[in-house]
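Taken in sequence, the protein lines are chains A and B. Per our numbering, the very first residue in the first sequence carries number 2; after that it's consecutive. Per our numbering, the very first residue in the second sequence carries number 182; after that it's consecutive.
Simulated from the structure, these hints should not be mistaken for laboratory data. Virtual Cβ for every residue (Gly too), placed ideally from N, Cα, C. Fair warning: there could be bad hints in the mix.
Simulated restraints on C-beta separations [as the list claims (entries may be wrong)]:
no., chain 1, residue 1, chain 2, residue 2, range
1, B, D248, A, A3, 39 to 45 Å
2, B, P198, A, P9, 38 to 44 Å
3, A, A53, B, P198, 31 to 37 Å
4, B, T260, A, G64, 37 to 43 Å
5, B, N235, A, P9, 39 to 45 Å
6, B, S222, A, V61, 17 to 23 Å
7, A, M28, B, S206, 32 to 38 Å
8, B, P221, A, P9, 34 to 40 Å
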Amino acid sequence: NAGVTQTPKFQVLKTGQSMTLQCAQDMNHEYMSWYRQDPGMGLRLIHYSVGAGITDQGEVPNGYNVSRSTTEDFPLRLLSAAPSQTSVYFCASTAGTGNSPLHFGNGTRLTVT
Amino acid sequence: DAKTTQPNSMESNEEEPVHLPCNHSTISGTDYIHWYRQLPSQGPEYVIHGLTSNVNNRMASLAIAEDRKSSTLILHRATLRDAAVYYCILTYAGNMLTFGGGTRLMVKP
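With the rest of the complex left out, here is chain B (with noise of 0.2 Å):
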């Protein structure tokens, strides 16, 4: 099962980008890259998603390198409100995910 490596935790100031990084090294050909985010007593909530190319939405940028061994979430401008412990997974037999520590993002004012 591909799996992924994320940092335990990370610290950004508020209004500032922060780039969070994730390693996938033995993702498969089909293995679509999600991001999810989990705030304190609420279930996780979708942030982003991609396959190959660079992704952007309303909440943050995927990038994705080119052998797709790794990805890093981008947070344009950091707010408060982003502190979560952010998870990067992967598709698991074919549709489920599974999901690993994830990253604690903690939000300086």
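Next up, chain A with everything else stripped away, as it sits in the complex (with noise of 0.2 Å):
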């Protein structure tokens, strides 16, 4: 039972360059949803999904993008990468309405140079 699965772990990227990062889910989950989390900061909503299709921004949504062509993967792409896109970002996915826990992967840390 993976859960919520996050690649890759860690990331290095120059200013400029772009990247996706990947998030899977397994247990037939409808709603999605990809934070950030700073040094001695809580996490922040960047984009979320309430079904494969469907995609809406969160609180910081600049300078990222989002799809949902299946429910079971929530990739998160990077256009282009700047310094102050260094952070942990965490997938989470949830069965949905407000009484279903949330469910995280372990995180990709991402440092832009």
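Dock the two chains into a complex; use the hints.
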């Protein structure tokens, strides 16, 4: 039972490069989301999805794109990396409704130089 | 958007109960109250959640005020492994959750 799987665990990018952070869940959850966590801070919601083909912006969406072509996968794309995007990124999923807990992946630590 | 307010940090002695408070005065009637904790270098871990009634599970208890404007997470006997950042959060856009700064719990042996 893998739960929520994020890859890669670590990534270093140069300013201007693009990359995709992968997130997959095997719990058949409809709702998936991406958060970023800066040092010593709480998590901030970047984008979320309430089902395949449906995505929406969270609190800090600028510089990131998402798509949801399947229930299982919810990749996060950085179009042109900037040092301000250096952070730890967490993906989460939930069955939906406020009565269901969030399940988190182990995170991707991204450094942009 | 409903927001929560928590103390930045708290200290506890090992094997004593810990009460972690959370204020959420702008909570709406359908918002669930969730608690998560985060250990260093790990993703957040679900602890407990509730709507109106107090809740118990193997990890903790959740006491919700009658007016729902505040809640308290209760760890009955703190251990060193309970040292973490505890987040009290509410639902957003119906289902998503936004996190505040959390409370850093330190447990002294």
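Here is what the structure says about each hint:
Look at B/D248 against A/A3: about 41 Å separates their beta carbons, and that is inside 39 to 45 Å. In this structure the supplied range 38 to 44 Å holds for B/P198 paired with A/P9, their Cβ-Cβ distance being about 41 Å. A hinted range of 31 to 37 Å is violated for the C-beta pair A/A53 and B/P198, which are about 45 Å apart. The hinted range of 37 to 43 Å is satisfied by B/T260 and A/G64, whose Cβ atoms lie roughly 41 Å apart.
As the Cβ distance of B/N235 to A/P9 is approximately 42 Å, the hint placing it in 39 to 45 Å holds. Look at B/S222 against A/V61: about 22 Å separates their beta carbons, and that is inside 17 to 23 Å. For A/M28 and B/S206, the hinted distance range of 32 to 38 Å is satisfied, since their beta carbons lie about 34 Å from each other. At about 20 Å, the beta-carbon gap between B/P221 and A/P9 misses the expected band of 34 to 40 Å.
Checked against the numbered hints above, the structure violates hints 3 and 8; every other hint is satisfied.
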